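Asker: Given next are the chains, with one letter for each unit.
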Amino acid sequence: MGSVRLRSVAKSFGVVRILFDINLDIAPGEFVVLVGPSGCGKSTLLRLIAGLEDLTEGDLLIDNVRANDIPPGKRDIAMVFQSYALFPHYTVRENMAFGPKLRGEPLAKIAKKIENAARMLNLQNELDRRPAHLSGGQRQRVAMGRAIVREPSLFLFDEPLSNLDAKLRVSMRAEIKALHQKLGNTIIYVTHDQVEAMTMADRIVVMNGGRIEQQGSPAALYDEPANVFVAGFLGSPAMNFIEGVYDAEGGVTTMSGLRVPAPSRLAFSGQKVVVGLRPEHLEVVGPERDGLSARVDVVEPTGQDTLLHTDFGGAPLTVSVRRRLMVSPGETIKLASLPSDAHLFSRESGKRLDA
Amino acid sequence: MKVGRRYRVLDLAFLTLLTVVWLIPLAMMVAISVTPSSQRGLKFGGLLISGVSAENYAHVFRDTPVLLHLFNSIVITGASVALVVAAGSLAAYAFARMRLFAKEFWFYLLIVTLMLPIPALVVPIFRLNKDLGLLNSYFGLILPYTALGAPFAIIILRSFFESLPKEVEEAALLEGASRFAIYWRIVMPMSWPALSVVIIFQFLTSFNEFILALVTIDKTELKPLTLVPLLYADAFLTHPGDLFAVLTIITIPVIVVYLLMQRFLISGLAGGGARA
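Those protein sequences? They're chains S and W, same order as listed. Here the first sequence stands for residues 1 to 355, where the numbers follow my numbering. Here the second sequence stands for residues 1001 to 1276, where the numbers follow my numbering.
Any given hint could turn out to be false.
[What the hints assert, rightly or not] What follows is a list of derived Cβ distance ranges for each label pair:
| id | chain 1 | residue 1 | chain 2 | residue 2 | range |
| --- | --- | --- | --- | --- | --- |
| 1 | S | Ser236 | W | Leu1259 | 35 to 41 Å |
| 2 | W | Phe1105 | S | Pro106 | 45 to 51 Å |
| 3 | S | Val195 | W | Ser1163 | 58 to 64 Å |
| 4 | S | Gly104 | W | Ser1159 | 32 to 38 Å |
[Unchecked claim] BS3-like cross-link-like pairs, simulated, lysine-lysine; straight-line CA separation at most 25 Å:
| id | chain 1 | residue 1 | chain 2 | residue 2 |
| --- | --- | --- | --- | --- |
| 5 | S | Lys112 | S | Lys177 |
| 6 | S | Lys74 | W | Lys1166 |
| 7 | W | Lys1166 | S | Lys101 |
For the record, the hints were derived by calculation from the structure and aren't laboratory data. As the structure is a prediction and not an experimental result, all values here were calculated from the model. Glycine included, each C-beta is placed from N, C-alpha and C at the ideal position.
Let the hints inform the model, and build the full structure from the sequences given.
Answerer: Structural data, given as structure tokens:
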């Protein structure tokens, strides 16, 4: 229960096309995160699945039944909104009881379900309060409680943590993940926060400009991004990109004549490429070693890591190091990287170049 | 902060002055209504009174069926308020949230009707009422008051409904609520601030309306309270105190309704459901 299939789904608002040819299969029990920059269509896609918007083209199948024309209330879906969307004139208990009462479930059963949900979400003492008297985190938990009481086969989350402060966001992230492990329902979760995507998902779907750029497990997307967009979107600080030409010796010569080691893909020699280097894959080495010479512009100690924003022959290069480094702006440092850690992309198409 | 305080003092002085000017006629009305008829030579238009007496009120309740007229007013006003809220909110919800053919055209047509004052409509409404056989009946006033009040209600409620967070309604939709259930259980309870504006305004205009009531209702026992001063004009000419007692009685229901509704006006009930 709780499978979703999208077949060539497209969506337009008037003449503006928001989604193009979306194909996606979601298995029962899977935790799928749709991630992408604002305006990429991820929320629209979620609203299509919820039935809050109509499909312009294509088919939506929920549990192998074509659901294009099934009204939202009959789709066996619960949705948690970014704005919580609680009913302000009802208490927490009444908020959770709203749906089950409408559907005519027996009162004793409803009360039991609310008790369970409240215990799971630590809301027992808040049941008789109105949303206005709750904190942001509590409100979001009430919204989740309302969804849990629905006992749906499919949970939809639309940026549920965006309105919470950083600390609360981290703990709610873990709570939602724990909830998924406990209940085992399918979850489709929309966020623009790549950290949320990486930490929570079984599978990430990266969207951009109304299209799916890539989908796969968090590790697969991180280690083998299909294109420059995905490579730059996942990871914080973001991957460094340096333009150059792939040479026959298995390296990339940059515009300023510097050389970056790259994996051997001899088939591409002579091609214009973009080489991608993750900040944590760059190592600061002693001056006696071979490596990339870069001038330090800014040093950002975060406590855990130190970020160095450097200038590499005119191109910005961010380096993340674990050790405490005694470098100051203006200094030149040597950076080493393994050829296998470098990602190669075509400069024309932005696509990953694999052997 | 000094500047702020000085402005606050000025604000207060201005508002006090305005309130005093505003209240003088009302104070006169109440003062004369409690001055016994034996007392002559009213000073400052009756504002200075030497004693309080309920004599005039006793006269009014003895000589005229004030309570009957009050009852008529309450029935007519109450019905028109209920109808305006029901019809107005339904129409406003449709305007705010549903796809309708030529929606904006109909809406602007409604706004145009706001520009017609009741006196301009007295003759057409009178003829309509005559043709429909509604002269000398409550409905002869209830229906026109409702029709004339609905556009204002629709405009106020539409903009309020549109300002409500859409996600709250979508959440109800996903729970399986029908359109009507969303309107009735979610939107209406969240709309008390706007509904109270509509209720107060509709109550005021219907309760205080005079001209249409004058031409529509001829039967004394059906006349609303506003017609009482005219109805018993002869008696009141010799007893101005009684007249002012009646006028005071007329203002009481309006004040009561306002006091009952005002807590909803500033109610923060809409807060907390969704983040603004």
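Asker: For each hint, tell me whether it holds in the structure or not.
Answerer: Results for each hint:
1. Ser236/S <-> Leu1259/W: 35 to 41 Å: About 58 Å separates the Cβ atoms of Ser236/S and Leu1259/W, which means 35 to 41 Å is violated.
2. Phe1105/W <-> Pro106/S: 45 to 51 Å: Given range 45 to 51 Å: holds, Cβ gap about 48 Å.
3. Val195/S <-> Ser1163/W: 58 to 64 Å: 34 Å, violated
4. Gly104/S <-> Ser1159/W: 32 to 38 Å: 35 Å, holds
5. Lys112/S <-> Lys177/S: Holds, because 23 Å separates the two Cα atoms, which is no more than 25 Å.
6. Lys74/S <-> Lys1166/W: 19 Å, holds
7. Lys1166/W <-> Lys101/S: Answer holds: Lys1166/W to Lys101/S is near 22 Å, not above 25 Å.
Of the numbered hints stated above, those contradicted by the structure are hints 1 and 3, listed in ascending order.
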